[in-house]
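Residue numbers (our numbering): 30 to 303.
Be careful, since some hints might not be right.
Computed Cβ-Cβ distance ranges for the label pairs, DEER-style [unchecked claim]: (1) S186 with E254: 37 to 47 Å; (2) R300 with R95: 12 to 22 Å; (3) R101 with H276: 36 to 46 Å; (4) P106 with I32: 22 to 32 Å; (5) V188 with G143: 19 to 29 Å; (6) T215 with L117: 14 to 24 Å.
Simulated from the structure, these hints should not be mistaken for laboratory data. For glycine and all other residues, C-beta sits at the position ideal for the given N, C-alpha and C.
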Amino acid sequence: MSIGLWGLVILAGLLAQFVDVMTGMGFGVIAGSLMLATGLSPVVVVATVNLVKVGNGVLAGLSHWRFGNVRREWVLPLAIPGIAGALLGATLISHLSEDTVRRWVSVLLLALGGLLFARFLLRGREEMPVLGILSACDSQAEGARLSEDEHPRGGWSLVGIGFLAGLFNAMSGAYGPFLTTLLLLTRGGSPRYIIGTVSCVELFVASASAIGLLRALGSYGFPVELPIALWAGGVIAAPCGAYLCRHLPARVLEGLVGATVVSLNLWSVLRAFG
Numbered sequence: 030m031s032i033g034l035w036g037l038v039i040l041a042g043l044l045a046q047f048v049d050v051m052t053g054m055g056f057g058v059i060a061g062s063l064m065l066a067t068g069l070s071p072v073v074v075v076a077t078v079n080l081v082k083v084g085n086g087v088l089a090g091l092s093h094w095r096f097g098n099v100r101r102e103w104v105l106p107l108a109i110p111g112i113a114g115a116l117l118g119a120t121l122i123s124h125l126s127e128d129t130v131r132r133w134v135s136v137l138l139l140a141l142g143g144l145l146f147a148r149f150l151l152r153g154r155e156e157m158p159v160l161g162i163l164s165a166c167d168s169q170a171e172g173a174r175l176s177e178d179e180h181p182r183g184g185w186s187l188v189g190i191g192f193l194a195g196l197f198n199a200m201s202g203a204y205g206p207f208l209t210t211l212l213l214l215t216r217g218g219s220p221r222y223i224i225g226t227v228s229c230v231e232l233f234v235a236s237a238s239a240i241g242l243l244r245a246l247g248s249y250g251f252p253v254e255l256p257i258a259l260w261a262g263g264v265i266a267a268p269c270g271a272y273l274c275r276h277l278p279a280r281v282l283e284g285l286v287g288a289t290v291v292s293l294n295l296w297s298v299l300r301a302f303g
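Produce the complete structure using the sequences and hints provided.
As structure tokens, this is what we get:
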């Protein structure tokens, strides 16, 4: 692998992991798109991204855990059905057209992102002030946010959401956009806990997806230096993104997630139906 390709793949890993840790989504879409632009085979790109998700999942999960962004009671209800969904998705993808899967998954994600962004824009009530990076944390505001997180509003069960997210991850690589968006729309609470928990759980689902992809590749020539370079970029970005996720206002994070989902999927939908 040339020095130039090394640099481009490291940059792809850095940008993709920074966005993923900040918003709970986007690593596969961003890294995959940038790597495909270099002329690499789509099969190799997909396998590389899912392998690196395992390593980056450890980094992102530990970073979010360190900064107190993970809801521990959500981890197993999301992870176990997510693994089952990933294994089922790996089986289904072999019987469906890749174009068909990509088209309709992009439509679904675009719709979810649009709903979330509209909720961000039209929400009537004001969030309590959240102090930024350069200010000390106000204890009363923090207590109010924690109280809200202890009583999330009802919605889909975590088991069902986790299963669907694992299924879509195996079929499209879109784990974070689906899971993060559904949790924000249905469970409520502070976005930083949802984003942190998703980043932690993704490790387990990505592992199941990676196993299925490697088995599908079989004897296909796989360049092991690609996941190493992509992972190296993620090492730099994970702690920085987790720190900012803790300190940015909740309403800003929610709007950022919605805008990210829309922007990542709008072009795919237009290209698929254009």
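Evaluated hints:
1. A hinted range of 37 to 47 Å holds for the C-beta pair S186 and E254, which are about 42 Å apart.
2. Between R300 and R95 the CB atoms are about 39 Å apart, so this pair departs from the stated range of 12 to 22 Å.
3. Checked against the hint of 36 to 46 Å, the pair R101 and H276 fails, with Cβ atoms roughly 21 Å apart.
4. A hinted range of 22 to 32 Å is violated for the C-beta pair P106 and I32, which are about 45 Å apart.
5. For the hinted restraint 19 to 29 Å between V188 and G143, the CB-CB distance of approximately 26 Å keeps it satisfied.
6. One distance hint, 14 to 24 Å for the beta-carbon pair T215 and L117, holds here, with the actual separation near 22 Å.
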